[in-house]
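Starting from the known structure of chain A, arrange chain B on it as the hints suggest.
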Amino acid sequence: KAGVTQTPRYLIKTRGQQVTLSCSPISGHRSVSWYQQTPGQGLQFLFEYFSETQRNKGNFPGRFSGRQFSNSRSEMNVSTLELGDSALYLCASSPPLAGDTDTQYFGPGTRLTVL
Amino acid sequence: AQSVTQLGSHVSVSEGALVLLRCNYSSSVPPYLFWYVQYPNQGLQLLLKYTSAATLVKGINGFEAEFKKSETSFHLTKPSAHMSDAAEYFCAVSEFTGGGNKLTFGTGTQLKVEL
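Protein chains in written order, with my numbering: chain A, 1 to 115; chain B, 1 to 115.
By construction, these hints were calculated from the structure, which means they are not laboratory data.
Keep in mind that the hints are not guaranteed to be accurate.
What the hints assert, rightly or not - Cβ pair distances, simulated, as ranges:
hint: 1; chain 1: A; residue 1: Gln41; chain 2: B; residue 2: Tyr39; range: 13 to 23 angstroms
hint: 2; chain 1: B; residue 1: Glu15; chain 2: A; residue 2: Arg15; range: 17 to 27 angstroms
hint: 3; chain 1: A; residue 1: Phe60; chain 2: B; residue 2: Pro40; range: 17 to 27 angstroms
hint: 4; chain 1: B; residue 1: Gly98; chain 2: A; residue 2: Ser79; range: 21 to 31 angstroms
hint: 5; chain 1: A; residue 1: Ser70; chain 2: B; residue 2: Gly99; range: 13 to 23 angstroms
hint: 6; chain 1: B; residue 1: Ser14; chain 2: A; residue 2: Gly84; range: 19 to 29 angstroms
hint: 7; chain 1: B; residue 1: Ser14; chain 2: A; residue 2: Gly3; range: 28 to 38 angstroms
hint: 8; chain 1: B; residue 1: Ser70; chain 2: A; residue 2: Thr5; range: 39 to 49 angstroms
hint: 9; chain 1: B; residue 1: Gly62; chain 2: A; residue 2: Asn71; range: 17 to 27 angstroms
hint: 10; chain 1: B; residue 1: Glu88; chain 2: A; residue 2: Phe60; range: 15 to 25 angstroms
Every residue, glycine too, gets a C-beta built ideally from N, C-alpha and C.
Isolated chain A (complex conformation) (with noise of 0.2 angstroms):
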């Protein structure tokens, strides 16, 4: 079974600008998870959806935003880039099997940059 695919892997943007970025869960999995992970901060949850909903968000500005599609593909938004935004994105997604669905599987992760 194929997993967590991200794309796309690198990226560079410039400040001011807006990204998207792409996650396909594995195959039966609906909930999708987001994560930013920096040097300075490591790793913050930014939001989980399931089955088109959000369910969770942390901490972060309005500026970032995800969706789900009816498919459990997920994509987040980042609007108005700022340089403390270089991070690396990384997806995760949870089993629908009850005891599992705890379980995290990552993606590979997209590294933003923003000069």
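Only chain B this time, still in chain A's reference frame:
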């Protein structure tokens, strides 16, 4: 809110020596705990998880972790380090909120394996 603390941001061991990476958690309810590994320029790979079924949890690549409620710890061990174990290791706790789960990570421990 639940949290985890990883003691030691850098650990260095000799090849063949015992690996011990420390993690302490703070949780008001029985926690679900995880260890992930991250190799350079990659996402997070699940090593093992604790879900209260057994206090000693065996994971992939020869790693195991023991849940000790009295010490609120979930330390990761491997009897004999291999060069390929050099990576960053993250301890995480799952929090059930909003109908879904989110992971809160420790700050990570960089493991170096020397000849």
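Quick rundown of the hints versus the structure:
1. For glutamine 41 of chain A and tyrosine 39 of chain B, the Cβ-Cβ distance of about 21 angstroms falls inside the hinted range of 13 to 23 angstroms, so the restraint holds.
2. Separation of glutamate 15 of chain B from arginine 15 of chain A is about 45 angstroms and departs from the stated range, judged on CB atoms against 17 to 27 angstroms.
3. At about 26 angstroms, the beta-carbon gap between phenylalanine 60 of chain A and proline 40 of chain B stays in the expected band of 17 to 27 angstroms.
4. Between glycine 98 of chain B and serine 79 of chain A the beta carbons are some 24 angstroms apart, a value that agrees with the proposed interval 21 to 31 angstroms.
5. For the pair serine 70 of chain A and glycine 99 of chain B, the beta carbons lie near 19 angstroms from each other, so the given range of 13 to 23 angstroms is met.
6. Serine 14 of chain B and glycine 84 of chain A have their C-beta atoms about 39 angstroms apart, which leaves the hinted 19 to 29 angstroms range violated.
7. Taken as a hint, the range 28 to 38 angstroms holds for the pair serine 14 of chain B and glycine 3 of chain A, whose Cβ atoms sit roughly 33 angstroms apart.
8. A C-beta distance of roughly 42 angstroms is found between serine 70 of chain B and threonine 5 of chain A, which places it inside the suggested range of 39 to 49 angstroms.
9. One distance hint, 17 to 27 angstroms for the beta-carbon pair glycine 62 of chain B and asparagine 71 of chain A, is violated here, with the actual separation near 37 angstroms.
10. Taken as a hint, the range 15 to 25 angstroms holds for the pair glutamate 88 of chain B and phenylalanine 60 of chain A, whose Cβ atoms sit roughly 23 angstroms apart.
Consistency note: the structure conflicts with the earlier hints numbered 2, 6 and 9.
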